[in-house]
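Heads up: the sequence lines are chains A and B, in that order.
At position 137 of the first sequence the residue is numbered 137 (UniProt numbering), and the sequence of numbers has no breaks.
At position 176 of the second sequence the residue is numbered 176 (UniProt numbering), and the sequence of numbers has no breaks.
Note that these hints are calculated values from the structure, not bench results.
Only true hints are included.
The list treats identical chains as interchangeable, and a pair is accepted whether it falls inside one copy or across any two copies.
Subject to a maximum C-alpha distance of 30 Å in a straight line, what follows is the list of computed BS3-like cross-link-like pairs (lysine-lysine): (1) Lys8 to Lys116; (2) Lys8 to Lys340; (3) Lys275 to Lys170; (4) Lys340 to Lys116.
Listed below are the residues making up each chain.
Number of protein chains: 2
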Amino acid sequence: MAENGPLKVALLGAGVVGSQVARVLLAEGDTLESRVGRRLELVGIGVRREGIERAGIDSSLFTTDSMGLVTRGDIDVVIEVIGGIEPARSLVLAAMRSGASVITANKALLAQDMAKLSATANDNEVDLYYEAAVAGAIPIIRPLRESLVGDEIRAVMGIVNGTTNYILDKMTTASLSFEEALQQAQDLGFAEADPTADVEGHDAAAKAAILAGLAFHTDVRQSDVFCEGITSVTADDIAAADAMGCVVKLLAITKLTNDDEPRVIVKVHPTMVPKTHPLASVSGAFNAIFVDSRDAGQLMFLGAGAGGAPTASAVMGDVVTAARNRLRGSAAHVQTGYMKREVAPIGDATARYYISFDVEDRPGVLAACATVFARHNVSLQTVQQSYLEGLERRDGFAARLGVMTHEASETDLAGVLAELAEASFVGTGVNYMRVEGS
Amino acid sequence: MAENGPLKVALLGAGVVGSQVARVLLAEGDTLESRVGRRLELVGIGVRREGIERAGIDSSLFTTDSMGLVTRGDIDVVIEVIGGIEPARSLVLAAMRSGASVITANKALLAQDMAKLSATANDNEVDLYYEAAVAGAIPIIRPLRESLVGDEIRAVMGIVNGTTNYILDKMTTASLSFEEALQQAQDLGFAEADPTADVEGHDAAAKAAILAGLAFHTDVRQSDVFCEGITSVTADDIAAADAMGCVVKLLAITKLTNDDEPRVIVKVHPTMVPKTHPLASVSGAFNAIFVDSRDAGQLMFLGAGAGGAPTASAVMGDVVTAARNRLRGSAAHVQTGYMKREVAPIGDATARYYISFDVEDRPGVLAACATVFARHNVSLQTVQQSYLEGLERRDGFAARLGVMTHEASETDLAGVLAELAEASFVGTGVNYMRVEGS
Ligand SMILES: NC(=O)c1ccc[n+]([C@@H]2O[C@H](COP(=O)([O-])OP(=O)(O)OC[C@H]3O[C@@H](n4cnc5c(N)ncnc54)[C@H](OP(=O)(O)O)[C@@H]3O)[C@@H](O)[C@H]2O)c1
Ligand SMILES: NC(=O)c1ccc[n+]([C@@H]2O[C@H](COP(=O)([O-])OP(=O)(O)OC[C@H]3O[C@@H](n4cnc5c(N)ncnc54)[C@H](OP(=O)(O)O)[C@@H]3O)[C@@H](O)[C@H]2O)c1
Numbered sequence: 001m002a003e004n005g006p007l008k009v010a011l012l013g014a015g016v017v018g019s020q021v022a023r024v025l026l027a028e029g030d031t032l033e034s035r036v037g038r039r040l041e042l043v044g045i046g047v048r049r050e051g052i053e054r055a056g057i058d059s060s061l062f063t064t065d066s067m068g069l070v071t072r073g074d075i076d077v078v079i080e081v082i083g084g085i086e087p088a089r090s091l092v093l094a095a096m097r098s099g100a101s102v103i104t105a106n107k108a109l110l111a112q113d114m115a116k117l118s119a120t121a122n123d124n125e126v127d128l129y130y131e132a133a134v135a136g137a138i139p140i141i142r143p144l145r146e147s148l149v150g151d152e153i154r155a156v157m158g159i160v161n162g163t164t165n166y167i168l169d170k171m172t173t174a175s176l177s178f179e180e181a182l183q184q185a186q187d188l189g190f191a192e193a194d195p196t197a198d199v200e201g202h203d204a205a206a207k208a209a210i211l212a213g214l215a216f217h218t219d220v221r222q223s224d225v226f227c228e229g230i231t232s233v234t235a236d237d238i239a240a241a242d243a244m245g246c247v248v249k250l251l252a253i254t255k256l257t258n259d260d261e262p263r264v265i266v267k268v269h270p271t272m273v274p275k276t277h278p279l280a281s282v283s284g285a286f287n288a289i290f291v292d293s294r295d296a297g298q299l300m301f302l303g304a305g306a307g308g309a310p311t312a313s314a315v316m317g318d319v320v321t322a323a324r325n326r327l328r329g330s331a332a333h334v335q336t337g338y339m340k341r342e343v344a345p346i347g348d349a350t351a352r353y354y355i356s357f358d359v360e361d362r363p364g365v366l367a368a369c370a371t372v373f374a375r376h377n378v379s380l381q382t383v384q385q386s387y388l389e390g391l392e393r394r395d396g397f398a399a400r401l402g403v404m405t406h407e408a409s410e411t412d413l414a415g416v417l418a419e420l421a422e423a424s425f426v427g428t429g430v431n432y433m434r435v436e437g438s
Numbered sequence: 001m002a003e004n005g006p007l008k009v010a011l012l013g014a015g016v017v018g019s020q021v022a023r024v025l026l027a028e029g030d031t032l033e034s035r036v037g038r039r040l041e042l043v044g045i046g047v048r049r050e051g052i053e054r055a056g057i058d059s060s061l062f063t064t065d066s067m068g069l070v071t072r073g074d075i076d077v078v079i080e081v082i083g084g085i086e087p088a089r090s091l092v093l094a095a096m097r098s099g100a101s102v103i104t105a106n107k108a109l110l111a112q113d114m115a116k117l118s119a120t121a122n123d124n125e126v127d128l129y130y131e132a133a134v135a136g137a138i139p140i141i142r143p144l145r146e147s148l149v150g151d152e153i154r155a156v157m158g159i160v161n162g163t164t165n166y167i168l169d170k171m172t173t174a175s176l177s178f179e180e181a182l183q184q185a186q187d188l189g190f191a192e193a194d195p196t197a198d199v200e201g202h203d204a205a206a207k208a209a210i211l212a213g214l215a216f217h218t219d220v221r222q223s224d225v226f227c228e229g230i231t232s233v234t235a236d237d238i239a240a241a242d243a244m245g246c247v248v249k250l251l252a253i254t255k256l257t258n259d260d261e262p263r264v265i266v267k268v269h270p271t272m273v274p275k276t277h278p279l280a281s282v283s284g285a286f287n288a289i290f291v292d293s294r295d296a297g298q299l300m301f302l303g304a305g306a307g308g309a310p311t312a313s314a315v316m317g318d319v320v321t322a323a324r325n326r327l328r329g330s331a332a333h334v335q336t337g338y339m340k341r342e343v344a345p346i347g348d349a350t351a352r353y354y355i356s357f358d359v360e361d362r363p364g365v366l367a368a369c370a371t372v373f374a375r376h377n378v379s380l381q382t383v384q385q386s387y388l389e390g391l392e393r394r395d396g397f398a399a400r401l402g403v404m405t406h407e408a409s410e411t412d413l414a415g416v417l418a419e420l421a422e423a424s425f426v427g428t429g430v431n432y433m434r435v436e437g438s
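For reference, chain A alone in the conformation it holds in the complex:
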């Protein structure tokens, strides 16, 4: 940057988030200047489509040559809010190599290429900040990178997708079906026309990878994340959870195995959470991240996980911080995956499970069921038996068992499920859900 001249900011993307970032940069110039100690000048905005009318922004700022913008050599901070892998990846790498600090909200890119991006930031002594990439406005990246870095994190569990939390909340509180709740979310603009990335858990999986990498100082990619969405969650599941004093949430979960060399468990799935757990009361489209650590104990961070303005708030916090660093001729430490931990296969992950299935109502059946669980080292916490009557009664299976297990591995769970499916005294349609939080 020029002595005493403004810091030059380039913005890539002017969509939901980018337009809000531009608003703040253009409308709050004086405030930002006093916070940073130097003027921030928005010198250009990279977009895909030319000649579009964009409300309130001088059209001369726009360019379709994003690469030219970020490599012109005098840019201090590049904000990437395009999304997706390419051209975002090439643009942020080129920006850092040209000496610019990078702020990005791009979870997909970070969850694929964190190691490369961090190394490039460190090699070029520039900042790489991405507070907006997980849980929108909620400060969680900086707390993990800095506030908790002297502690030992044991687990992170997050509601990191507002759409699915909205849907599950409506299924719970308004007894809607999945389809009805999804439709309502779409009508209200919470869910996209193509809701796949949300409801199949892919969006949450990208965030889970980022959280796991930060929490455990290792490289985790979205492809490492076990991922199950909410499309097959039924009204019965919600009712069963309620009967067990739980609610169903789509959680991004990361923790370590108990091995001598602990491996990373990282997964996204519908989860039964006790109603007494802080995450249980996170309603609507809100996001929340729960962290359990050795010294700090249990922490929770709650707020708006998406939307243009909230996401812009997180982006602008990073911009001001990077700009301040720049004035001091420095850049913050960029976390690296120095621990080189392995990601455990899902079979080695442990959880408690709630399993329900129909059984014949005759002496010995309960004992036979218990034997199946015992054979696979799954011990039972509670067993509830209810009798099926009239229409509910299926093919001679007169009772329904609801079993809550103690902590067990997914491999052992799979063994139980396979054997129950074969057992003559068990009806079809064995249902299960993972249970987390105590």
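Assemble chain B with the ligands onto chain A, guided by the hints.
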């Protein structure tokens, strides 16, 4: 620091917090080294009493010459967990002037001398971090200093004292009196033998000053904070709150007035909070900070607000961050009170109020009451009248009014209260409580 040699850390204080910080520094050396990129060496611990047996720590580390320790010239990071104004103040100033970065958990000192401490850090280009000073392990200082610094904060409301939250919680959920709940808190070690600083709100007031200064970029001292404790909260207040769908919390609150040049409102008092508000469900000795801002919207941070290990977690996050900065030859931006906002007198603060008092049961009384409120520009949201019978009935005052007002200033409230106290149709013992959060 020496080229490639360890970073030298001096610890001042080895009490509840200091002993936990020492434990982490001594037991987690390898982990901290990989996080920082350099060994952290604990070179000395300043204490007051000589020759005490201190579990697990080499006695040669201790010194009663804290000033000699922090000014010896080769210290990279000084951790101050002595508490109080002197000698802590002289020690941290001397440490910074000797080129050391300072980490402190000392809310009392920060709430008295923030401006001086920040200026000294900036002048000497060292870090001044104090995450542990407010709400223990909960990351709130860093989110305010960095994550939200590109946003415009509208209000911060915090449960920042675990002892008083525990007492109020017990009064609410177990119907204990203030005295019984305090006794229980003392028996469980939550409350000190002399609970004054907690129950009178002084501890919360120091934290309110720090939060207000950070949120509004200005200098706020504890002496600027309006402060009312919980000693006069009664079972009746708790019951009245419950009847209005609220709970009573001791909140540290800061927001701005609506003036052209907004002034800072900063106060601590027992507060009725709607049960639907996120702060309402913060139970036991937990702390939580609620932030409302222009772009991020509503955020909440929840966790353990005190205790040796949680506070040490916050301290150690600051230590690692300061050490990393040091390796890069830099220090983070230290917030200054550049906005030079005034603190508004409490009379100019606004809130909603719940006011209850006995009245004569005869035609015209309700109208007369309404006139009193109207004369002072206090408009009414709801009025509930209940009839007093038998024993409850006092000196001819046969009905009790419960009034919820709209937002009004404390000056106008005081006018209402004074006039009600004089009115012949109103009984003695007019009760009121401030209401915040919607
Ligand atoms: N939306 C949220 O609530 C939210 C929350 C957290 C994080 N994020 C992340 O923020 C990023 C942006 O999301 P968004 O919702 O703002 O997306 P969006 O509304 O789809 O906007 C994308 C922007 O990028 C531009 N763009 C697309 N391809 C480009 C190219 N090849 N070269 C230059 N510009 C290109 C588009 O230009 P045109 O305008 O010309 O089409 C558009 O302005 C994503 O990484 C997303 O995951 C979003
Ligand atoms: N306790 C918490 O949960 C908590 C939470 C958040 C923040 N904090 C803050 O952390 C700080 C420390 O609190 P604490 O609870 O750890 O206090 P503490 O248990 O009373 O310990 C104070 C320590 O300071 C030492 N000390 C006292 N006067 C000294 C002097 N003149 N010179 C050198 N050392 C001196 C004492 O030495 P001796 O051991 O020789 O007596 C003792 O080791 C305070 O600022 C407090 O507000 C505490």
